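Peer 1: Spelled out from the first residue to the last, the chains are:
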Amino acid sequence: MERRKFGKKLFTLVISTTVFGGLLKKANAQTKDYDPSKHYYGMGIQTNKCIGCGRCVEACKDENNVPREPFFFRTWVERYTIKKDGEVTVQNVDSRITTQRENIFEKEILRSFFVPKLCNQCDNPPCVQVCPVGATFKTEDGIIIVDEERCIGCRYCIQACPYGARYIHPEKQTADKCTFCYHRITKELLPACVEVCPSQARIFGDLRSGASPLGRFKRLFKLHVLKPFLNTEPKVSYSDLDGEVR
Amino acid sequence: MIQPLHQTLYELLKQVTGFIYPNEIEVHWGILVVVYPYLTGLVAGAFILASLVKVFNVKEVQSVYRLSLLTALAFLIIAPLPLLLHLGHPERSFEIFLNPNFTSAMAMFGFVYAWYLMVVLLLEIWFTYRKDIILWSKNERFLMRWIHKIISLFSTDVSEKSVVFDKKMVKAITIIGIPSAFLLHGYVGFIFGSIKANPWWSSVLMPIVFLFSAIVSGIALVILIYMIVTPSRGQKIDMACLDKMASFLFYAVIIDFSLELLDFIHRLYESEESIKILSDLVMNKLFISLGIIQVLLGMLLPLGVMVAIKLFRFDAELRKLLYFVSAILIQLGIFATRWNVVVGGQMFSKSFRGLTAYKMELTGFEGIFMALLLLVLPFIVLAILVKILPPWEPAPVSDLEAVSD
Numbered sequence: 003m004e005r006r007k008f009g010k011k012l013f014t015l016v017i018s019t020t021v022f023g024g025l026l027k028k029a030n031a032q033t034k035d036y037d038p039s040k041h042y043y044g045m046g047i048q049t050n051k052c053i054g055c056g057r058c059v060e061a062c063k064d065e066n067n068v069p070r071e072p073f074f075f076r077t078w079v080e081r082y083t084i085k086k087d088g089e090v091t092v093q094n095v096d097s098r099i100t101t102q103r104e105n106i107f108e109k110e111i112l113r114s115f116f117v118p119k120l121c122n123q124c125d126n127p128p129c130v131q132v133c134p135v136g137a138t139f140k141t142e143d144g145i146i147i148v149d150e151e152r153c154i155g156c157r158y159c160i161q162a163c164p165y166g167a168r169y170i171h172p173e174k175q176t177a178d179k180c181t182f183c184y185h186r187i188t189k190e191l192l193p194a195c196v197e198v199c200p201s202q203a204r205i206f207g208d209l210r211s212g213a214s215p216l217g218r219f220k221r222l223f224k225l226h227v228l229k230p231f232l233n234t235e236p237k238v239s240y241s242d243l244d245g246e247v248r
Numbered sequence: 075m076i077q078p079l080h081q082t083l084y085e086l087l088k089q090v091t092g093f094i095y096p097n098e099i100e101v102h103w104g105i106l107v108v109v110y111p112y113l114t115g116l117v118a119g120a121f122i123l124a125s126l127v128k129v130f131n132v133k134e135v136q137s138v139y140r141l142s143l144l145t146a147l148a149f150l151i152i153a154p155l156p157l158l159l160h161l162g163h164p165e166r167s168f169e170i171f172l173n174p175n176f177t178s179a180m181a182m183f184g185f186v187y188a189w190y191l192m193v194v195l196l197l198e199i200w201f202t203y204r205k206d207i208i209l210w211s212k213n214e215r216f217l218m219r220w221i222h223k224i225i226s227l228f229s230t231d232v233s234e235k236s237v238v239f240d241k242k243m244v245k246a247i248t249i250i251g252i253p254s255a256f257l258l259h260g261y262v263g264f265i266f267g268s269i270k271a272n273p274w275w276s277s278v279l280m281p282i283v284f285l286f287s288a289i290v291s292g293i294a295l296v297i298l299i300y301m302i303v304t305p306s307r308g309q310k311i312d313m314a315c316l317d318k319m320a321s322f323l324f325y326a327v328i329i330d331f332s333l334e335l336l337d338f339i340h341r342l343y344e345s346e347e348s349i350k351i352l353s354d355l356v357m358n359k360l361f362i363s364l365g366i367i368q369v370l371l372g373m374l375l376p377l378g379v380m381v382a383i384k385l386f387r388f389d390a391e392l393r394k395l396l397y398f399v400s401a402i403l404i405q406l407g408i409f410a411t412r413w414n415v416v417v418g419g420q421m422f423s424k425s426f427r428g429l430t431a432y433k434m435e436l437t438g439f440e441g442i443f444m445a446l447l448l449l450v451l452p453f454i455v456l457a458i459l460v461k462i463l464p465p466w467e468p469a470p471v472s473d474l475e476a477v478s479d
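One line per chain: the protein sequences are A and B, in this order.
Position in the first sequence (from 1) plus 2 gives the number in the numbering used here.
Position in the second sequence (from 1) plus 74 gives the number in the numbering used here.
Pulled out of the complex, with its shape left as it was, chain B reads as follows (with noise of 0.2 Å):
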């Protein structure tokens, strides 16, 4: 374990220019920190949608409701697997549980996880279901029947005052939903926005920027997947739908390029101590992924797409393809995102002297295939769940059998 690193130490060496502190020439956050705050955006993002649709009763996206929520717990059931992964010790994460340190953001990570998970996800999911699941029931065989008598908690009411009261207790949990999102993707960006230390990072704007990033990338993985799971189920494309997803991620991408914007702006301005290493660390080091990538390719080409599309009027077969285009991109462009500030933050030294350099190995823990496996794995879990709580709207019984064939 000792011999590779010191090898991989040794030849990053060679590529640090100027002066860092002895310590800092190995990069303590690699790939897979990049993307945890990716998935948890996601998480974040997509449960916003589907909050959209309950609170202010946005018709025309109803039926990616359910769809959006599965996405959220899909996404939120492995978000936590990088960073366990990526600790030097994961037998002893539980203490995070058992022994937090008030004083770190990190430690509060239990407690938002949880609460997001338990209160709002599992219980809005449940309140939504509870009906379908029982009606479901009593025509399914033997497995089905059981798995989703269990996932009722054998609750067998379908009487009209206690779906009056599920959809009640759907709204009430939806309005407490919205600011846990906040909460669940803000706190992600505090645990970097509150170290004074890196100048990169220490930005109050930073949960800001975090929580809208993530209503950006979540969206469009809603649109992406409603894009690619329709069709392939020999549905229509709602195209109401979908313009009014593109419309919300459109007045998205532009509040968090005008945050991102800000950032940029006022760190110029102000031109504090760190200015000068900061800007070598943009123009050498995050070129590509800050300046191409992020804000070229991955926001403001998809924010032209989408002006273009509202200023004329395109046939629904280019909507289609422009959207997806752009939603793909978007993509990217949130993923470049985490990169530039989880990596780009450990590019330079704390004594504003030098740049350092990050090598990514392709296996292993902190590996490139590791790292796409974690992205695949919320796919694979979206689909379990997707067999186990179909989230088609309307659904009958009677469509039923279709629909789980």
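So here's chain A without its partners, still in its complex pose (with noise of 0.2 Å):
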């Protein structure tokens, strides 16, 4: 009986470690074998699947070393409740931060519903426009990223985005934002929040790529992209995107 068992873990370890250790072997060696331009990232969030659970900013924070506290964020989630008489009520699922606090009884309520948010990696992206040192840029492959080696903090590109996307990163003081977990779709896995999400309402994928998931979610619904208007052309598209949403 003991051997049996002994066995059986040993097994179990041998097999784990090998997987493992191959899976890790490929993820470096497909860094280094990355090659930016053969790609065009984008994200599709189809609002309806958004339960507000939150477990995407969760893993974003831990994911990306983002600080606890409820005043930094690279991604989040909003609550948008329309009462019968059109009065919009727009919370923060995180309940530390939630300002408007007032109780909305079921029957009058028109409809409800969650939109995540983050960064729109736009392709004419404002916040890398007005930065003065160009500390902040736009990959080959689509993503904008701050160099907090270069950045001087001096907040410009927070001021620029119409999005709320960046915040100051009160240790290293430099700007910080979302990156699609760049560290992690160079090795091709997919960013934290979207291998989090419990009912797949986010999509990563590759733009120019049809046969994906994302091609799939951008064959079969109408998208449309916050604030249009500003012209950032943001690469974050979303699916039933309620005309109060900004």
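Rather than coming from a laboratory, the hints here were simulated on the basis of the structure.
All of these numbers come straight from a predicted model, not from anything done at the bench.
Only part of the chain A face toward chain B is listed, based on derived beta-carbon distances under 8 Å:
1) I99
2) V132
3) V135
4) G136
5) Y158
6) R168
Note that CB positions come from ideal geometry on N, CA and C, so glycine has one too.
Each of the two chains sits in its own frame; use the hints to bring them together as a complex.
Peer 2: This is the structure:
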């Protein structure tokens, strides 16, 4: 009995080590072979699928060392409640920073939904335009990244971002924002928020590939982006986006 | 460092109304970024006043020409300090000069500043003072003699030909200088006016409004300095000069007021998506600083006083008092203008659904004391400059010892 149990455990260990080691090796190899010119990333958000659990926010904070306090977010989720009289209440699902705390009775509600937000990785990014030292830039594969070794902390990019997607990292004193988990996607892993989403409301992928979940998303739904009139050309698109969402 | 920020933000959270994006609780540009455009505005305004004398040959204001130039220089030397102190990494600030991003209005700072300081102000002052410095250094003691010799770059030529050349150069530099002063402050306005994400800032009028408010504040400042310094030197205030300066001030205030009124009416009439939140902003957050201080005390009241001076024949003493009070009110008003632009533009959420709050610290880099220090520093620099380069005209050599004592 003991021997059998030991044998079983040993078997599990060997298999898991081999698989895990293999994966790790593969991941490293892919970083080395990674060719940014072959990719152009984007994200689709199927608004109706979001259940407002906030796991994406938690996963993002863990994955990217975002400060725990509720004033610094690379991604967050908004809850919209539209009453029958047309009044709109918006709250953050992080209850620590909910400012509109009124109780809305079910009978009064016309419709209600969640909207995940993150950096739109604009194709025409105002933050990159205004950075005085070029510390924030667009990579070949379309991601907007901040070089924290170069950022002088002037906060101009934060003023220029129409979506509130940037913050100053309180310890580094440099601008910080969503990178689509660049350290993961270059290893063919999904961004942390996409990986943990229980309802698959977030779809990540290459904007140029047709045969992919993102390609399918783009074929199946009518899409919209946030604040299109500002001509920032977001690469995050939303399906079923309500007109009240800004 | 991190602990106090949280506490402040948690406190501010209680004052937030409506919905704001979660990263918007922190107001990123505080009092130091208010001080910065205020100081550069004074530079541009003082310089433009000086230029009016040279270009349009306004005889009455000749006696404050040099004082205006030195004022512009003193404020220009201090102007970048608040920006530097407000950076998260001031030690990397040189990157703006070495690695400028040419699409960034802020990166152009290095060039505009260097151009204005080196090419315009320093050159104009040098050519203006060159002959005097050489003459002064001849009968001075060791220290001042060497200071003046170094400042004159060891030039010794006081021949008529060289003086004529000096005058020509001053005229040429002034002609380049006026557009440069426009550029200096226009570009500060552009930094705000070009941010399409922010409807409070995003306006094509912003650089022009900044420019005229700069001229207003600069002239008012020179009036104040002139009215304080002249009696303290035991001299009489030249009323012709003062009246003329006040007259310039009057017209500048009218243009400034018209532009701001136009901006206001235009926004109200177009009534875009942001109009509701901007109305909330003005009525709740900016009522005192905009309605009372900027418009009522800083603009309409001085304007009324100056109209009264033009209409009725007040005697010199009363005019002096009224000019002095008006100039102080105008300074207050223009500082409030900068505040309303910089801080006001961050008091509402870009979701247009809520208002946030700003709490000014007393101490620390972003505190009131630091702001006051930065507002006092230019005057200290000016006092030193006046000691080295006495701006009183005419400056005959015989008067020199009395002045330097």
